[in-house]
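Colleague: These protein sequence lines are chains A and B, in that order.
For the first sequence, the tail end lands on 779 under the working numbering, and the numbers increase by one without skipping.
For the second sequence, the tail end lands on 1143 under the working numbering, and the numbers increase by one without skipping.
By construction, these hints were calculated from the structure, which means they are not laboratory data.
Watch out, some of these pointers could steer you wrong.
Not the full set, but computed from the structure, chain A residues with beta-carbon under 8 Å of chain B [to be verified]:
| no. | residue |
| --- | --- |
| 1 | Thr652 |
| 2 | Gln653 |
| 3 | Ile656 |
| 4 | Ala660 |
| 5 | Ile731 |
| 6 | Asn733 |
For each residue, glycine too, the CB sits at the ideal point set by N, CA and C.
Each chain is listed here by its residues.
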Amino acid sequence: MFLALLGLHAILAAVAPLAARRMGRAVLLLCALAPAATVVAAVVAAAGGAAGQPVRESFGWAPAIGLTVDLRLDGFALLMVALVSGIGVLVFGYAAAYFPQRHDIGRFAGYLTAFAGSMLGLVLADNLLLLYVFWEGTSVTSYLLIGFDDRKGSARAAALHAILVTSAGGLAMLAGFVVLGQVAGTYSLSGLLADPPSGPAVSAGLLLALAGAVTKSAQVPFHMWLPAAMAAPTPVSAYLHSATMVKAGVYLIARLAPAFALVPFWRPVVVTIGVATMIFGGLRALRQDDLKLLLAFGTVSQLGFLVAVLGAGTPQATLAGAALLLAHGLFKASLFMVTGVIDRQTGTRDLRLLSGLGRRMPALAVVGVVAAASMAGLPPLVGFVAKEAVFEAYLHGGMGPVGPLALAGLVVGSILTVAYSARFVRGAFATQAHPSQRCVGSQAPLPSRAFQAPAALLALASLVAGLLPMLIGPLVSSAGSALDPNVEVESLSLWHGLTPALGLSALVVALGAVLVLAGGRVAAVQQRFGGWSGADDAYVATLRGLNRTADRVTGFAQNGSLPVYLSVILLTVVTLSGTALLSGGMFPSPAFAELVLAESLLHLVTCLAVILTAFATLVAGRRLVAVLCLGGVGYGVAVLFVLQGAPDLALTQLLIETLAIVVFVLVLRHLPEEFEPHRWRFGQKTRWLVAGSVGLFVFIFALVASAARTAAPISEGFLARALPEGGGRNIVNVILVDFRGFDTFGEITVLATAALGIIGLVRAVRAGPGTPPQAEGGS
Amino acid sequence: MRSRSVILDTVTRATFQAIWVFSLYLLFAGHNAPGGGFVGGLVGGAALVLRYACHGSDGATAGVRVRPEGALGAGLLLAGGTGAASWLAGAAFLTSAKVEVTVPVLGTVKTTSALPFDIGVYLVVVGLVLAILSSLGGQESTA
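Start from the sequences and build out the full structure, keeping to the hints where you can.
Modeller: Laid out in structure tokens, this is it:
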């Protein structure tokens, strides 16, 4: 069933560009079928008890390297599927209303469907390598989506930033997975977590895997790609920030934390990164004037929150983290959608230019306020329920000395969250006291209902889930117990009584309110510390450094002199293989006594002719003569093949030599007729030395190789099998197209690539210097 | 255009089609007798080279409606497709199969799944020669 759903995503992604030609924007609704079907399937699976007893599906892909398509739906995967596909359906519907009619809508729909499918595969994968494949799938598709407006340099740069950071982390993660898989003896995720290995290698593997999660989930100091990624169209941002992509890192940490929380470094490192990210993101969010950028830094902050909670690894924190994951998905998607509506209707997202929007669009304002209140953690919304659970978990203890410190950090982060939530609401919907001439909002055209509906549905869900937590209780607690069997299934509730957690919540709201009221002064203080953009600078500096190093290495290794290249290659062969040959004790070999100079006179004559023509090649003064002599050597070898009874080889050799001469002649037309003497870096003597040593080496090598055989030649087996298995009497051909068919396939791929290279190069040259090759492309 | 050789011209005209027939023969007979897709393609390429020597690059590819990119792509697709077809039978990539068909005129024809693969090889080789002649050979004016 899951395989079929992934297949449905893939098929719809592939046909979307074609379907869009007929359907236009409606193609987005067609593609919404894939996540919609997934939601239905998840509900069916949940009704069938998937939360208690995980549903598995398996399909051998490359079993030899432990890569099998193992899919597994347990309670936590169910929660993630609900987010990925549930919010996915709404995002598709929202995008259909968001985009004006445009010609590349099909391409967009295809990317978005592939993105949704990759994320779905990621949360269902039960094989570490498969998880990596889907992980990079989300990286690549998000690259395409962030850079969707590919005419804009900023969008391309943001897309590049995202894929460089996340795939660098992804590669580290792959290395970590291989370490973990090898130590544990299994690449099954559930198998690894059920019986976690330990030792220094495991710690190293975990650190590497953590690097992947931290980059993917935009944790400090790798966070800058996420705010930059708001260059994506808003429906993409809504999806990317709430349910997909950035949640992948959180997902991985949540999976690993319960099993590995006792590895010494795990909890201090993960929780510290999370808390630091939460506070840092919150501070930056308070400074933004662009609503979308404010939300983006808000996401950075909330991701830190999630990492700190889900990474702690105690049963209580795991359960609270599951609730927080759900709450964040609901309000963040809603807030981005609201921002998209504002942007579309007014033409700006700058909160200094927006005024009076709350009166103009009261419905939208209610939706925005509810979602922002959930983000701030105000009752009676689901964000409050989740945050209460988090405080409870941290107050419950069991985390060692990290706990209290982290709790203090989370409280500070939550205060900042209240403040930037308020900043969002006030900036988007309030009426400014002294609006400037450029302010827009009170006259903006009203959005359609379909455009506002997805955001409203999500906000409504935040409200209902907050008022009636028992509705999401089973989903969240089964997610928690899937992560950690020790999770006690307790019901979430809105009202716990007068607990310390409630006191903390009250403190957070009160201090947040103070921060809001002191808004101007806070901004001034932050301004004084200036725009700290260390992470951005570090990214740029890293790129520059890489480029410079690449330049130097290339300049040294590829200096453009053909004789130098050839000499390096040939001398390497002679030195390395020659040393092995002489030290291996195979030379001289006793078998040399049986050597015969020549089996017949014809052999002798042909060989002499070959040697003479080869020598003539060397002393020829004109290029054409040298080429013809070289061809003569080839023909001579073809004659030898005939004498040895290999007509196929001989025929091929003859034709290749002929063709090679023709190609040489075609190229030689552009070169001077005669060789230019002594203008090379390499002297004539050096050349003779290199050539001589290569010749001597090959001669000895051939002697030793033919005398050193101890096993039966493979050709005997081929001879016996050619007719019965390959169905042919020409053994050479049977080897080429059957026994070694895969090699041949590789070789013709190389041939075709070389041919295309020739075509491209010649076209580029003809287009003239300085013309980029792609100017000629497209054919 | 430089002066043409009448002898070369006539010989080319007389043998061009025959060489192609020989090339196809090599392709189809290759599984049991000397030949095969690679050699067959080279012989076909040699025919093109002959015409190039006679007429220059425009003459060599005149009447050839196939573009080099097309031949290359079709060849790779056919060879890869033949390999992938094994999957449909549940076997590994490029597992060979034998087929016996009774055709009215020719009688019983035995062939293997290696034949379409070999045709793919043939197309790639012909495409390579076409690419060389049409790109490297086609710049007399700029030379």
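Colleague: Hints first: check each against the structure and report whether it holds.
Modeller: Comparing the hints with the structure gives:
1. Thr652: Hint holds; Thr652/A Cβ to chain B Cβ min 5 Å, cut 8 Å.
2. Gln653: At about 10 Å, which exceeds the 8 Å cut-off, the nearest Cβ of chain B leaves the hint on Gln653/A violated.
3. Ile656: 7 Å, holds
4. Ala660: Given a least distance of 10 Å, the restraint on Ala660/A is violated.
5. Ile731: 10 Å, violated
6. Asn733: Since chain B brings a Cβ to about 4 Å from Asn733/A, closer than 8 Å, the hint holds.
The earlier numbered hints that this structure contradicts are 2, 4 and 5.
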